[in-house]
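**Q** Now for the letters of each chain:
Number of protein chains: 2
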Amino acid sequence: MAIDHPHRRTRLSALLLVALWSLAESKYIAYNTTQRIVADKLNVHIVAHTHDDVGWLKTVDQYYVGSNNSIQGACVQNVLDSIIPSLLADKNRRFIYVEQAFFQRWWRQQSDEIKNTVKELLSSGQLEFINGGMCMHDEAAVHYIDMIDQTTLGHRFIKQEFGIIPRIGWQIDPFGHSAVQAYLLSAEVGFDALYFFRIDYQDLAKRKDLKSLEVIWRASKSLGLSADIFTGIFPKNYEPPPGGFYFEVNDDSPVIQDDPLLFDYNVQERVDDFVAAALSQANITRANHIMFTMGTDFKYQYANSWFRQLDKFIHYVNKAARQLEFFTERNSSGYTTDSLADALAIAQHHDAVTGTEKQHVANDYAKRLSIGYSEAEKLVGASLACLTEPISRPGCYNMTTKFEQCPLLNISYCPPSEVDLSRGKKLIVLVYNSLGWKRNDIIRIPVISESIVHDSDGNEIESQLLPLADATINLRSHHVKAYLGISPSITPKFWLIFAVSVPPLGFNTYFVSSTKGKGSVASVSTFYSSEESKKSNIEVGKGKLKLLYNVKDGTLTHYLNSRSLVKASMEQTYSYYAGDSGSGSDPQASGAYIFRPNGTFPIKPEKKTPTTIVRGSILDEVHQQINPWIYQVSRVYKDKEHAEVEFTVGPIPVDDEIGKELVTKITTGMATNKTFYTDSNGRDFIKRVRDYRSDWEFQVNQPVAGNYYPVRDYRSDWEFQVNQPVAGNYYPINLGIYMQDDSTEFSVLVDRSVGGSSILDGQIELMLHRRLLYDDGRGVGEALNETVCVDGECAGLTVQGKFYVKIDPLGEGSRWRRTFGQEIYSPLLVAFSKEDGGNWTGSHTANFSAMDPSYSLPDNVALITLQALEDGNVLLRLAHLYEVGEHKDLSAMAYVELKKMFPVRKIGNIIEMNLSANQEKAAVEKKRLKWKTEGSSGVETIARGAPVDPSKLVVELAPMEIRTFMIKFDYITFAKIGDS
Amino acid sequence: MAIDHPHRRTRLSALLLVALWSLAESKYIAYNTTQRIVADKLNVHIVAHTHDDVGWLKTVDQYYVGSNNSIQGACVQNVLDSIIPSLLADKNRRFIYVEQAFFQRWWRQQSDEIKNTVKELLSSGQLEFINGGMCMHDEAAVHYIDMIDQTTLGHRFIKQEFGIIPRIGWQIDPFGHSAVQAYLLSAEVGFDALYFFRIDYQDLAKRKDLKSLEVIWRASKSLGLSADIFTGIFPKNYEPPPGGFYFEVNDDSPVIQDDPLLFDYNVQERVDDFVAAALSQANITRANHIMFTMGTDFKYQYANSWFRQLDKFIHYVNKAARQLEFFTERNSSGYTTDSLADALAIAQHHDAVTGTEKQHVANDYAKRLSIGYSEAEKLVGASLACLTEPISRPGCYNMTTKFEQCPLLNISYCPPSEVDLSRGKKLIVLVYNSLGWKRNDIIRIPVISESIVHDSDGNEIESQLLPLADATINLRSHHVKAYLGISPSITPKFWLIFAVSVPPLGFNTYFVSSTKGKGSVASVSTFYSSEESKKSNIEVGKGKLKLLYNVKDGTLTHYLNSRSLVKASMEQTYSYYAGDSGSGSDPQASGAYIFRPNGTFPIKPEKKTPTTIVRGSILDEVHQQINPWIYQVSRVYKDKEHAEVEFTVGPIPVDDEIGKELVTKITTGMATNKTFYTDSNGRDFIKRVRDYRSDWEFQVNQPVAGNYYPVRDYRSDWEFQVNQPVAGNYYPINLGIYMQDDSTEFSVLVDRSVGGSSILDGQIELMLHRRLLYDDGRGVGEALNETVCVDGECAGLTVQGKFYVKIDPLGEGSRWRRTFGQEIYSPLLVAFSKEDGGNWTGSHTANFSAMDPSYSLPDNVALITLQALEDGNVLLRLAHLYEVGEHKDLSAMAYVELKKMFPVRKIGNIIEMNLSANQEKAAVEKKRLKWKTEGSSGVETIARGAPVDPSKLVVELAPMEIRTFMIKFDYITFAKIGDS
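Residue numbers (the working numbering), protein chains in the order written: chain U, 392 to 1371; chain S, 392 to 1371.
Simulated from the structure, these hints should not be mistaken for lab results.
Heads up, a few of these hints could be off.
The list cannot tell twin chains apart, which means a pair is met if one copy fits it or any two copies do.
To be verified - In silico DSSO-like links for lysine-lysine, alpha-carbon gap of 27 Å or less:
| hint | residue 1 | residue 2 |
| --- | --- | --- |
| 1 | K550 | K1318 |
| 2 | K506 | K482 |
| 3 | K482 | K550 |
| 4 | K1359 | K1343 |
| 5 | K597 | K1078 |
| 6 | K1323 | K597 |
| 7 | K510 | K482 |
| 8 | K1029 | K933 |
| 9 | K884 | K909 |
| 10 | K995 | K829 |
| 11 | K1321 | K550 |
| 12 | K958 | K1065 |
| 13 | K627 | K1323 |
The structure displayed is predicted, hence computed values, not measured ones.
All chains should be modelled from the sequences, with the hints used to inform the complete structure.
**A** Right under this line is the structure:
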């Protein structure tokens, strides 16, 4: 909840953000894995190996090619294929290979090129043959002549093909060991040593105790010391030491995460694990050398997955403590280049914003956004300071002004504004507008005492003090604790509410000071639902819009606009859908992916809870505790013609073991004929017909040969069968939903993505919150049951959001939807500073617009991107906000005068780009594929803005057109461009 | 059973085997994966891709580094790391990558070298960025400006870093698709096409029906056709088509096995699968182009595992049927270079010969041995023919003689000898001896009528006809059917038994002809166990050895040797151990790895079954049906002083749901003081003390610093605790087991590896067969319950084997154990041909020795290897067979005169090698590490043979010494060297 939904963010235009996006510095780490022996230290010999049984659960050929993996996942071809590039990648990497039966199969399939590479790797010792027989023979059930023969077969091949002689016996898996193996198949073969595992458990215990796992094995009475062989017995097995050192593809062991730009950096922990494992083994060896057998049966199928980790262990364990400290201090240093842009980009992923991720992943997204927000906040603060600082500080060095923001303002937590202004101190409130038109809006900030507001000219402006409701205070303290881990020491007393006016692409500054008894505190009246109330309706709203509420039960009854003369009956109620558990007749549970209701249950307002009406000079509010877990504030502003509803929902109770999906329904008397409209990603509005699906027109009888493609367009429908009367008619809502009758259109805009529909004519519903108890079986493996924990106590998630309601005369709704919709998406940015005693306005820029003071973007155009790129170019993206035919005036061609948009800069060069700005528009047009389509003549008049004339620099925008430009200014210095 | 145990094979010396071992011809296949479009055919576009969610079940960074794999096995770093070498390996390989959030993380960690490589791959189009935003954004819950921003962030990076512009929209996983995505984020971005999956199921069904999965999507009312976008909707999902086309590491899909040298070649089947999948998809597209999306979530962690298969599909599907036929006919062509040597080498693996493999793997080993045997048999046949052919056929071309062998001779199946010899035809029996000393032995072959035998001089030699027992005939017909799939049409009537005498490293030839009434048919007498029998003992054996049997119950009672005057009581009985089920108080089941008996149960011979005594001129036999599933033949040869016991055991009944492990126990009255001896891999005999373990002597109190290593030698013991009184005293027996008392030693030799022990003083036991019903939990996951199936009816496995029993005066046993032990390991090779009417001996070489006629290897030396290598060298390995002190005379230094061993060849060069012949012995000695050992003075007199004087060419062999030589003959032609 504290982290706003991704799209609720301040658009950071070029004026503030010079280079938010930048490629992080190259983080290639050349791991130092040089081999070395240090006399007085414990030396760990890392032996990278695979143990490839020449037949066991699968046949030798099945193991080789990797068939029959259902029995055992194992493919020796993978091992041998992958080891080559892994060794080539770093000359310090070494690997031993044992079973020649597999190697020979592989060898004969290789190209000369690979063969030469292998020869080089063998020659350099990076690849080494150990044991070297065709298999790792048994030592109990085999005759010595067969042992000799199979070893000779392997050894001769290795000698002839590579001129190499294996030096080490390696009998790590046979189920016991014979004297003949030691003196004959090891010493007489000429091995330097024999290593084995599998030994009687009592023998092993005693040898560990006596540090006798390494012995000279004198196995022949007849040949005596002439056939001695150094023998090493592994202390536990032939696997990596305990402590999580398995690195096969998909293995569970913690990998070394040593990239400080990523989360979960863990070098110190893993180094500690490694050292602990080494010390544990050191206790049972005589010398200061121990071996880590890094591998086991059929491992290294992707050798790189092991070497990547082994390299890191060697590299980091060999460093001095000092370097490790550097790395572990990274968290406290706060250094990161993950930006808000990155975080936002990632959050657009189809398992992120949708909620189909696991909870810990959702937390990770929130963390990224929070970090990104925090990074951006610093940058914004610095940029604002730079823009307001005196001209005498060129380059924005040594700025004295600091601006802070309040990301938790939505829950009334804002330390910069919750300050004592008693001794003449003033709070500076800078309000920035990233849109290309002038905006008037209402700001609300929490204050601790009665306050008044002045503009930068020193005039007091209208303000309203609104006592903080208990519900708000509870929410605030609970969630500040939950998200920040602190308990706020101060509780603000009022919301200070005031109107601001901000120029396009610019800011204005306001000054808050304390006052005793002079503040305009709103009146608060509370009534309880009562059958006996005298007056049947209460009117709320001081301006043109009025809402009527029924005194009897506190419900909304009518929507009235005295200017447009719209008068409509309007009810608003809450209901929940019981989430299907999937265990009844319908096996499909409702969950993260699937909305599968099992019944609708209206929520009746509880009679004992009061309705509180707050009336003030700027706005009226209606506070309603619908039930213990739904709190709603409806707002009617004196100068706005839409109503705003702020809902706080949660924790949704699930004591009855039923998941619930909460909706609000707004019901009018409109005859909407199954039809409603929802936005497509906040852009187009798409017509929706209940129980029908708008789709394409089939020309079923025409030939279907490859020359003509069917067209799927926005117009035509085909009938389909609705099996889920509610879920089947639900649509995503990012911007809004509306419906029409003969004379009016009823629009609801949202501040976040929700689901919505019109299940009944004249009614719009929005799904505001979901809490479900069953996984819906589509992969996430968790129920959508989000909780927030404070001091170890967890409760279901509470969400707070807003929607906006307006009824217009038919044909007039689009202007509000488009203009206000854009403003919802790009809210004013509010930053705080303190006046440091002197005359702030005298030494700072208090209001500013990047655009010509006389200029504003047309009503039907939004500035959606203005971003300085690191190469000095500026990316400009302008969007026409209206579709063809959407509005009688505003659906026309729009014109943007760039010279007025950038009055103090000279555009040296302007190139129109494709949407994602990675190629010139002209190039796209040139190579655009022309498709023959069924039933289309190819002749259609489509409006598009003409190319920009570099001398005029006027951008034409046709309906729904978005145009992207790369602009090179002749000189570009955003630091100081003077007041507007 | 038909496949003999690995070590039961004929040693194939250089005389017969010129180049059994050879490296298979290079089988590198350059796959032709060139891209091409064929107009009139269905073109399948293989799109190798991975779908990497930017957070879902794991966080974005967890997915990147591959942590938290317990939640989901996924590591994008693996994907991006592994794709590089995979693409470099073949320029026809192509890969698309989508999510820039991951790519950017990876990119900044790369070295300049990798970066340059990636740039080249991008430039060539092998690697292609698709979609190109930071993530594959959602299309329902996101605002269009956020979609633009995140796409721009990715596209700008790609443009700046690589100068590249993504061409394709790829929204394959979002849960629905918006008009804005189509016209704005695809067409306006400049994409050529948009591909997506996830679409309403009714919509999908209709589109498939109407072939409208590919459409021109006109999504903007305002921009009309100017924002058309070609849109492809996947027909099923974004995964590979159905039919097993997943090739991630450890995936189950059948890989294309196209190496004809390996088993399970399946190119045709997999090509068929691919074509079927393509045709299925073709039915729902308009043009003759379809796309296979080869990949899915987080795949290509080891990219090569996919490309290896994709390459093969492209290669083989693009070929003409003709080539495929070639490959599929491979099985019938019988072509393979897998040799017996390879198969034997593989069978030495510690999960092969041990029986710890799964049953299907055991079958694979058997198949390999069978093929190897068959290959070797052909080679042996040809070599023998060459050696016997007239000198007039130089180079062994156009040989008229054919020699066959009988691998199933052990179950009396030998078609070459089961022939009608009635009309003067003669069966030629060639007997080859691969050892270096002359051998006299008894041969037995099945014949269909009374027959006699002549030697090559035309003299009739002693023979004996032995009627085939019913048990033998039943076993024969059942197992010929089981292993060869045929029912023998002829049933032989007799075993023809005759004595042969074969020179060292040579052969002799015998001629079998038919005779009526003149054959020496053995007498057969049968008696039933009876309390009333008059005579208490029956004596068996015509020579120095006699066995006495008790008439009352048919049991063996005494062993008598009239030469050595050994007279010993001897009983032989059968018992079984009940296999622990692991479900009682002991959780450990008896199984493949673990012998865990749960009680011993003696098997009492059933009284109703008869004992049959067969007496003949060469040997006597005692046939005993011990119980319905144990049949035993004891043999006493006139000219041998050991008894031979042939056991046929099985199917072991398990109707009582108890697994059984069958042992035979031979009990004498010897006072053996817990001590017995077992061989180590058929080489040394190791002293075993019951309930003790012979091990090393600890010098516990001496310093354990790294300078001195403890010695583990053959001498000393330390006490250990026996928790399993039977299993804990079991040892592997490959050659034999013996025990001693004050005056005698009792030896048992075996023809295969078995387990054995002496659980009671004076008693030796051998485990002959095991049938168990529970997996013992050590990995194989199957109970050791082997079955043989005939016509769909399966029964427990029947095994047939032999052991040999001898009692010698103390100090004399080793000679028999060593000499006869070597003969058991290297039995005479018997090959058959037919006399083609003429005088065969006149035109062929009938007897031959490679050695000087006057020469034989010393009794204490065995020739264990004589092998011609492909480089013209000959590998010679000689083994001293006795340990120090093992025999009063034979433990002395032995001398081998190479000049007499190779009388007609001149040794040009002789180099002593290490045991596995991959380096010179001198080099081994030079680099041999010298270890300081605890408690050893380092002065010890060890006998070793001196270096070979090239002028004398006498090889000295000290006790237990094996010496390996590489010999270069001045001229080497094995083809024809004249008669001996």
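**Q** If a hint holds in the structure, say so; if it doesn't, say that too.
**A** Hint-by-hint comparison with the structure:
no.	hint	verdict
1	K550 / K1318	between (60 Å within a copy, 17 Å between copies)
2	K506 / K482	both (18 Å within a copy, 19 Å between copies)
3	K482 / K550	within (23 Å within a copy, 34 Å between copies)
4	K1359 / K1343	within (16 Å within a copy, 96 Å between copies)
5	K597 / K1078	between (82 Å within a copy, 21 Å between copies)
6	K1323 / K597	between (84 Å within a copy, 22 Å between copies)
7	K510 / K482	both (14 Å within a copy, 23 Å between copies)
8	K1029 / K933	within (5 Å within a copy, 130 Å between copies)
9	K884 / K909	within (15 Å within a copy, 130 Å between copies)
10	K995 / K829	neither (43 Å within a copy, 109 Å between copies)
11	K1321 / K550	between (64 Å within a copy, 25 Å between copies)
12	K958 / K1065	within (22 Å within a copy, 111 Å between copies)
13	K627 / K1323	between (71 Å within a copy, 26 Å between copies)
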